[in-house]
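There are 2 protein chains.
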Amino acid sequence: MTLAVPADVISRLKAVLGEGGWSQDPDRLAPKLVEWRDRWSGTTPLLVLPRTTEEVAAVVALCAESATAITPQGGNTGLVGGQIPDGEILLSLERMRRVREVSVEDDVLVAEAGVTLAEAHEAAAAVGRRFPLSLASEGSATIGGLVSTNAGGVAVLRYGTMRQLVLGLEAVLPNGEIWNGLKHLRKDNTGYDLKQLLIGGEGTLGVVTAAALKLFPMLAGRAVAFAGLAGPADAVTLLARAKEATGGSVESFELIGRLGVELALRHIPGSREPLESRPPWYVLIEVASGEPGAAEAGLERLLEAGFEAGLVLDAAVAQTEAQAKAFWALRENQSAAQKSEGAAWKHDIAVPVSRIPQFLETAGAALTARWPGVRIDAFGHVGDGNIHYDILSPPGGDPAVHNGLRDQAAHVVHDIVASLGGSISAEHGLGTMKTAEAAAYKSPVELAALRAIRSALDPQRIMNPRVLF
Amino acid sequence: MTLAVPADVISRLKAVLGEGGWSQDPDRLAPKLVEWRDRWSGTTPLLVLPRTTEEVAAVVALCAESATAITPQGGNTGLVGGQIPDGEILLSLERMRRVREVSVEDDVLVAEAGVTLAEAHEAAAAVGRRFPLSLASEGSATIGGLVSTNAGGVAVLRYGTMRQLVLGLEAVLPNGEIWNGLKHLRKDNTGYDLKQLLIGGEGTLGVVTAAALKLFPMLAGRAVAFAGLAGPADAVTLLARAKEATGGSVESFELIGRLGVELALRHIPGSREPLESRPPWYVLIEVASGEPGAAEAGLERLLEAGFEAGLVLDAAVAQTEAQAKAFWALRENQSAAQKSEGAAWKHDIAVPVSRIPQFLETAGAALTARWPGVRIDAFGHVGDGNIHYDILSPPGGDPAVHNGLRDQAAHVVHDIVASLGGSISAEHGLGTMKTAEAAAYKSPVELAALRAIRSALDPQRIMNPRVLF
Chain F
12 MTLAVPADVI SRLKAVLGEG GWSQDPDRLA PKLVEWRDRW SGTTPLLVLP
62 RTTEEVAAVV ALCAESATAI TPQGGNTGLV GGQIPDGEIL LSLERMRRVR
112 EVSVEDDVLV AEAGVTLAEA HEAAAAVGRR FPLSLASEGS ATIGGLVSTN
162 AGGVAVLRYG TMRQLVLGLE AVLPNGEIWN GLKHLRKDNT GYDLKQLLIG
212 GEGTLGVVTA AALKLFPMLA GRAVAFAGLA GPADAVTLLA RAKEATGGSV
262 ESFELIGRLG VELALRHIPG SREPLESRPP WYVLIEVASG EPGAAEAGLE
312 RLLEAGFEAG LVLDAAVAQT EAQAKAFWAL RENQSAAQKS EGAAWKHDIA
362 VPVSRIPQFL ETAGAALTAR WPGVRIDAFG HVGDGNIHYD ILSPPGGDPA
412 VHNGLRDQAA HVVHDIVASL GGSISAEHGL GTMKTAEAAA YKSPVELAAL
462 RAIRSALDPQ RIMNPRVLF
Chain H
12 MTLAVPADVI SRLKAVLGEG GWSQDPDRLA PKLVEWRDRW SGTTPLLVLP
62 RTTEEVAAVV ALCAESATAI TPQGGNTGLV GGQIPDGEIL LSLERMRRVR
112 EVSVEDDVLV AEAGVTLAEA HEAAAAVGRR FPLSLASEGS ATIGGLVSTN
162 AGGVAVLRYG TMRQLVLGLE AVLPNGEIWN GLKHLRKDNT GYDLKQLLIG
212 GEGTLGVVTA AALKLFPMLA GRAVAFAGLA GPADAVTLLA RAKEATGGSV
262 ESFELIGRLG VELALRHIPG SREPLESRPP WYVLIEVASG EPGAAEAGLE
312 RLLEAGFEAG LVLDAAVAQT EAQAKAFWAL RENQSAAQKS EGAAWKHDIA
362 VPVSRIPQFL ETAGAALTAR WPGVRIDAFG HVGDGNIHYD ILSPPGGDPA
412 VHNGLRDQAA HVVHDIVASL GGSISAEHGL GTMKTAEAAA YKSPVELAAL
462 RAIRSALDPQ RIMNPRVLF
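These protein sequence lines are chains F and H, in that order. All residue numbers for the first sequence refer to the numbering used here, where the first residue is 12 and numbers rise by one. All residue numbers for the second sequence refer to the numbering used here, where the first residue is 12 and numbers rise by one.
Excised from the complex, chain F in its bound form:
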């Protein structure tokens, strides 16, 4: 579907935004029209670059008046195509990049949509606080996009996804009106929580222009270990013990298979074997505490108990910051390491934590039976039940052939996920990639409710029309 935008709408949008507020320059547009892995590319008649919330409102109001569709875009780091226009007006928030406020007493940071996650981290650190959302693309991903996609990452186990980290929002609704919900409140029971619809709404219910984010104290004590395990079931058991032993101080508990470590060793310069014993599975554990020494003590106690119980085969605790970073690099570089191996079928799934072992076993058997030789790089967040389940072609396989099977493979994997009460998109959202598939797994009752809500707020369906239901 490519939409024709009337010329007078284009010229009125230009007039509203003025010089520097829009572009039709192909070079300026190019990086915003291609998804970074090159899986989706698109077109737009006009890139609009509002600098203020009022300008966003003016753009949306004009589009609402003329039933013109809009695709909002943040840092263009999305993995499901939701930010790539196909003839819609492309609304970039890149010029809205002010940190409006940081308050230590309220533990809150108010950032505009175009502020990157890394910049938000810095602004919090400057006042001795921490914004805990953390993910690989944090140098480019922006607050508006992270809110709109309910981003997750590596600290969800302790701090939750974006949904738990937003205290208030400012947004332009599909009718072009500004909703100022930028409260600093920890509690507010005065009707439906409108911000919860915009969080994870993927830009279909409005444009997030600013967010009030929860800050947390810096934690003095931090300890990181790499542990070798016989299998994922032991990871699930060890995590339950870790939560008990540390009283909720586990920040991350990341699963990596032996293949994942091998890929990093092969393709990422500077990578080293984390453990001499080369076990079939690993977990990266990070514990943090405000009590001096507690993180280290808790992690030691956990690993000892794990050895005794036969859950932990081998383990190394990082002795220096550099070693901790090296451990983390093995995990963070999984996507980068895969790139050099050719094509991959990628899945971002969640199942109940207890069902991770069953998922890995069932999906692995189904895929290797149907496509012998495929290599499974499964890694992810045990505590969230969230596995990044990536399937590489057989060694030396033809990338084009592998890519051609992607949808079939996704169907196999997602059917298994659904049978285990899981989700086919744990943290990446649906975008244009998974919308149709997700609709097939949802109940008609839920779909009807979600569609009714959307129609109520955007009766003309101008906001990101190809995304969600």
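Worth flagging that the hints you see were computed from the coordinates, not collected in a lab. Quantities reported herein were computed from a predicted structural model and do not represent experimental measurements. Take the hints with a grain of salt, since some may be wrong.
Identical copies look the same in the list; a pair holds intra-copy or inter-copy alike.
As the list claims (entries may be wrong) - Result set (DSS-like, lysine-lysine): computed pairs, CA atoms no more than 27 angstroms apart in a straight line: (1) 453 with 336; (2) 194 with 43; (3) 194 with 357; (4) 453 with 225; (5) 336 with 350; (6) 453 with 194; (7) 350 with 25; (8) 225 with 350; (9) 25 with 357; (10) 194 with 336; (11) 43 with 453; (12) 225 with 25; (13) 43 with 336; (14) 194 with 350; (15) 43 with 357; (16) 25 with 43; (17) 225 with 336; (18) 357 with 336.
Take the given structure of chain F and dock chain H to it, following the hints.
Positioned in the frame of chain F, the structure of chain H alone reads:
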């Protein structure tokens, strides 16, 4: 507004539910038609008592078909009148009281709507886990009501309100269809998060029939202290230090004024002075940790630093469980202690944490200037910015006179709250009591959006029609 329900609807409802599934017996109905403090009473043509989700669905479908209004009711502990019918069908969930599932590996408990909070606590404890939501009425308050009102309580600082504690919901939507959203997932980014609308929806968007709730590890170490402070500003500063010093292990941080302690001493048998020095303000601090000794050490360190900084005037750490309970009783019995003093104007407000001192000063000055001699019992959750701001009549004042001024006083208090960016209902919800007032403080943009959502899901407005916008 009293609604006449046609006789044939009544008889069809009776037929659907069968013997024991409904009542019109005045004695059976009486306790459900009066709010426990006697502030609201109502009427109903029929009490329906479904035992299963399917029966709830049949009731709602019949009501939808005939545009018959319904008021859902949980444990009837609400403080804003939202559970009291005024001619609507009264739908009680009291027979849906099964704990359907408890899973240690998934850290989840699935409870039906009629399960009390105390029963949920017990079911979690039976498997060595904890459900942390905690409030004074937990023996009567039920999961369905707690979800529908987004309940808070004394552990929100660390664990959040109900909104953060629900993994999934099962509900009957206003069209009578069952939505099965009882997932056990920690992450699921596949469209709008429908459960977030039902949480805090006060029964206006459907009837919650069951919830999947997050469990947490039991924490071995727990330490409780009562500290004396010069004023609320010092409480705010001390809390910020407490969060840093304990790395997020503060479970509760409750403010109480001297008047509150005096009321407890006067009216609650067994109460004792917590501190000999009788300071003007107190905080009750509870710290919990999985690391043995860490809670005690963290609390000691905090109090020492607080003394040195001049923030803490005096303090006592509970040496026994009985002493900890005695400290908590002073806080938990505030409402009970007030009862013996006659009428009270009660407010459940929230402001940004940093503005608590300003709120207390401004509101106190405004009220005592206008109504000399009124006594202010302010207590609540510092970390949530949530103050229960209760105003007693002057000593010996006429309760009827004091009650007659309630709305005027609320207006004074709530205007100040609004000017500070606060909420006129932090945790109790709006019910019939505060709906009109809240509408006056909300922006037209937000009200229009909330109303559009409600109309989309309940076009006939049959669900709790007098509550919310």
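Q: Provide an ascending list of the numbers of those earlier hints which the structure does not satisfy.
A: 1, 2, 7, 8, 9, 10, 11, 12, 13 and 14
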